[in-house]
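Chemist: Sequence:
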Amino acid sequence: MTNALSYYVAAFVDGLVQAGVTEAVISPGSRSTPLAMAMAEHRGLRFSMHIDERSAAFFALGMAKAKQRPVALVCTSGTAAANYLPAIVEAHYSRVPLVVLTADRPHELRDVGAPQAIDQLHLYGRYAKWFVDLALPEETDSMLRYARTMAARAAAIAAGAPAGPVHVNVPLREPLVPIIGDDVWERVRTVAETPQMISGCATLSAENAAVLYEQLAAAKRGLIVCGPLDQPGFAEAVTELARALDVPILADPLSQLRAGSHDKTYVIDSYDAMLKDEAIASKLVPDVVLRFGAMPVSKPLFLWLKQHRSIRQIVVDDGGWRDPTLSAACVVHSNETVFCRQLLDIAEPKRNESVWSTTWREINDIARTVLREHLPADEWFEGKVFAELAELLPAGATLFVGNSMPIRDADTFFFATDKPFRVLANRGANGIDGVVSSALGASSVAQPLVLVIGDLSFYHDLNGLLAAKMHGLQATIVLLNNNGGGIFSFLPQARHEGPFETLFGTPTNLSFAHAVEMYGGRYAAPHTWDEFRRHVAESLDTGGLNVIEVRTSRAENVQMHRLLWKRVSQEIGKFLEQKGMEEPWN
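Take 867 as the starting number for the sequence shown in my numbering and just add one per residue.
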């Protein structure tokens, strides 16, 4: 049995590596011993141990998000596997490739009251792209080929468009300790080659590309909307298409369009503040919207697209269906970058700049100027953190943004820059759980990395800080502490003062300095913006885990946001009145 176990798990692990999986995140346990030991012995695989399975899964998610390649995730049987669910849900919706390996009791010990045995078949339901309950280990050549094939298939399906998690359940009998030597690897590699899955990009026919181009080129008021999308070459392709069509691009901070050396002439980065004013928004309604990626963070944009049913929305999505407004006139299944290149190949010479496109850019400049110039010089304001980081972060840095208020402030205050940054977040299920672990997972393969996170989300995943201590990771965490759920202060619930603090404000009154110290990190609580800048610079130079806590007031934060939005609306309103925008667009 031991030889069968050794060869079988070695064939599977080697198949994963040959299929391109080079990272594994493992949690301790007995039933998963064969998988863990085989991974530890494989020279082509780097592994890291994570005690808390929930944190481990989010760590693997962050790593896979940053690498854009599948990462293996391994745990023992029982509720250990159940703790993976939140991260698998996020991976499903944010299209992150994971190969989830759950060790299990053999079939004869299922549903008979055996310890640490739960029903693991299809444990993650429809959140897994593919599920397989592996056969029990055997040493025959055909079963070793089977193990390698299942590994390659799992990796290929996880990475295929749209990417996502796959679940491989691995039943194992005792004894569980494999004997893995060079002879084992040599044997499993001579049995059969690991099958390769070669996938092409989804493309349009020449006829369909021509029809869509004509629709877009004929529109007098066209827009491109880019939500979360992290795809090599997309920024250059879509900005070239915008120039060819002479249409503005409303660029979400996670679209990777706001930062980099690509042409940003048509990139609109302050549309959220602009569209909060209904009178202004009503003057900017387009004929056609070409949309890429997931739905942007901005709620005003979402409501605007949903409200105006006259807008013809064309959604380009590589294999999915992202239309939460239920307003799409056409859903195009195509690789987004390839789609842009196909249209550019048939595009006519660039048209003269229209009043439509120049007006969008002019009011965007007004909004950005107002937001920049009226940021408080001395008081703490959460939105200013992103404007500061845009200046402080070096080229090539990764900015990981927490959910709730941080991602919304990034949308408003992270302005376009020529410095190449990558902006990441968990915007699949949009939860505040697991963000610390995801960011640290990303930091293990992407440096330097700065995480901006709220206090409740930070508290929610304090266990995740152990990864930084155990694996010597480098990360700067900017902790925005307004002592509670700041986003609820912007919602109708805030009008009900009686139960508001208990039900929604949820202040914790925690001192995070002690937690940071426990995990071996350096903690700072600056009192001025100059001190904040110094601490960020020092953290990027010194390495390790650094937590910079910015203490703010929820009430003052709401007031400042509303004051800035009001000023933006006033200045844009004056401009449009002077320009005579009540008349039809030219």
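Think of the hints as simulated: they come from the structure by calculation, not from any bench. You may find that some hints are simply not true.
[Claimed, not checked] No farther apart than 30 Å at their CA atoms in a straight line, the calculated lysine-lysine pairs in the DSS-like style are these:
1) K1086 x K1165
2) K1216 x K1432
3) K1149 x K1165
4) K1335 x K1432
5) K1086 x K1335
6) K1086 x K1130
7) K1149 x K1335
8) K933 x K1149
9) K1130 x K1149
10) K1285 x K1216
11) K1149 x K1086
12) K1165 x K1130
13) K933 x K1216
14) K1149 x K1172
15) K1086 x K1216
16) K1432 x K933
17) K1440 x K1172
18) K1440 x K1335
19) K1445 x K933
20) K1445 x K1165
21) K1445 x K1335
22) K1432 x K1165
23) K1335 x K1130
24) K1086 x K933
25) K1172 x K1445
26) K1440 x K1130
27) K1130 x K1172
28) K1086 x K1440
29) K1130 x K1432
30) K1165 x K1335
31) K1172 x K933
32) K1149 x K1432
33) K1432 x K1445
34) K1172 x K1285
[Said to hold, decoys possible] Just the calculated beta-carbon pair ranges, DEER-fashion:
35) E1144 x A1076: 34 to 44 Å
36) H1393 x D1048: 44 to 54 Å
37) H1362 x T1394: 17 to 27 Å
38) T1069 x L1369: 42 to 52 Å
39) Q1313 x G1066: 24 to 34 Å
40) P1098 x D1049: 32 to 42 Å
Remember, predicted model here, so these are calculated numbers, not experimental data. Heads up, the beta-carbon is just placed ideally off N, CA and C, and yes, glycines get one too.
Chemist: So, for every hint listed, does it hold in this structure?
Modeler: These are the hints, each one checked on the structure:
Restraint check for K1086 and K1165: the C-alpha separation of about 25 Å stays at or below 30 Å, so the hint holds. Pair hint K1216 plus K1432 does not hold up; C-alpha atoms about 36 Å apart against a cutoff of 30 Å. Distance hint between K1149 and K1165 is fulfilled; the C-alpha atoms sit about 18 Å from each other, no more than 30 Å. About 45 Å separates the Cα atoms of K1335 and K1432, which puts this hinted pair outside 30 Å; it is violated.
This hinted pair does not check out: K1086 and K1335 have alpha carbons roughly 56 Å apart, beyond 30 Å. Restraint check for K1086 and K1130: satisfied, since their Cα atoms lie roughly 21 Å apart, inside the 30 Å limit. Restraint check for K1149 and K1335: the C-alpha separation of about 53 Å exceeds 30 Å, so the hint is violated. For a cut-off of 30 Å, the pair hint linking K933 to K1149 is broken: about 42 Å separates their Cα positions.
For a cut-off of 30 Å, the pair hint linking K1130 to K1149 stands: about 23 Å separates their Cα positions. Between the alpha carbons of K1285 and K1216 the distance comes to roughly 27 Å, so the proposed pair stays at or under 30 Å and holds. Proximity of K1149 to K1086 is assessed by CA-CA distance (about 14 Å); at most 30 Å being required, the pair is judged to hold. Between the alpha carbons of K1165 and K1130 the distance comes to roughly 23 Å, so the proposed pair stays at or under 30 Å and holds.
A C-alpha spacing of about 36 Å is found between K933 and K1216, which places the hinted pair above 30 Å, so the restraint is violated. The hinted pair formed by K1149 and K1172 meets the criterion: a straight-line CA distance of about 16 Å does not exceed 30 Å. For the suggested pair K1086 and K1216, the alpha carbons sit about 14 Å apart, so the restraint of at most 30 Å is met. In summary, the hint linking K1432 to K933 is not supported, as the alpha carbons are separated by about 41 Å, beyond the 30 Å threshold.
For a cut-off of 30 Å, the pair hint linking K1440 to K1172 stands: about 27 Å separates their Cα positions. Under the criterion of a C-alpha separation no larger than 30 Å, the hint pairing K1440 with K1335 is inconsistent with the structure, at around 54 Å. In summary, the hint linking K1445 to K933 is not supported, as the alpha carbons are separated by about 47 Å, beyond the 30 Å threshold. Simply put, K1445 and K1165 have alpha-carbon atoms about 28 Å apart, close enough for the 30 Å limit, and the pair holds.
A distance of roughly 58 Å separates the Cα atoms of K1445 and K1335; the hinted pair therefore is violated under the 30 Å criterion. Proximity of K1432 to K1165 is assessed by CA-CA distance (about 17 Å); at most 30 Å being required, the pair is judged to hold. At most 30 Å may separate the alpha-carbon atoms for a hinted pair to count; K1335 and K1130 exceed this at roughly 40 Å. With a CA separation close to 40 Å, the supplied pair K1086 and K933 exceeds the 30 Å bound.
A threshold of 30 Å between alpha carbons decides the hint, and for K1172 with K1445 the separation of about 28 Å falls inside it, so the pair holds. In summary, the hint linking K1440 to K1130 is supported, as the alpha carbons are separated by about 26 Å, within the 30 Å threshold. For the proposed pair K1130 and K1172, the alpha carbon gap of about 27 Å is at most 30 Å, so the pair holds. Taken as a hint, the K1086 and K1440 pair is honoured in the structure, with Cα atoms around 24 Å apart against an allowance of 30 Å.
Restraint check for K1130 and K1432: satisfied, since their Cα atoms lie roughly 26 Å apart, inside the 30 Å limit. Taking the CA atoms of K1165 and K1335, the gap is near 38 Å; set against the 30 Å cutoff, the hint is violated. Annotation: proposed proximity of K1172 to K933 is violated, straight-line Cα distance about 34 Å (limit 30 Å). With a CA separation close to 17 Å, the supplied pair K1149 and K1432 stays within the 30 Å bound.
Distance hint between K1432 and K1445 is fulfilled; the C-alpha atoms sit about 20 Å from each other, no more than 30 Å. Of the supplied pair hints, the one linking K1172 and K1285 is violated, its CA atoms being roughly 34 Å apart against a limit of 30 Å. Under the hint 34 to 44 Å, the C-beta atoms of E1144 and A1076, about 37 Å apart, fit the expected range. For the pair H1393 and D1048, the supplied restraint of 44 to 54 Å is violated, since their beta-carbon distance comes to about 59 Å.
About 36 Å separates the C-beta atoms of H1362 and T1394, a value inconsistent with the hinted range of 17 to 27 Å. For the pair T1069 and L1369, the beta carbons lie near 51 Å from each other, so the given range of 42 to 52 Å is met. Taking the beta carbon of each, Q1313 and G1066 are about 33 Å apart, inside 24 to 34 Å as hinted. P1098 and D1049 have their C-beta atoms about 40 Å apart, which keeps the hinted 32 to 42 Å range intact.
In this structure, the hints that do not hold are numbers 2, 4, 5, 7, 8, 13, 16, 18, 19, 21, 23, 24, 30, 31, 34, 36 and 37, in rising order.
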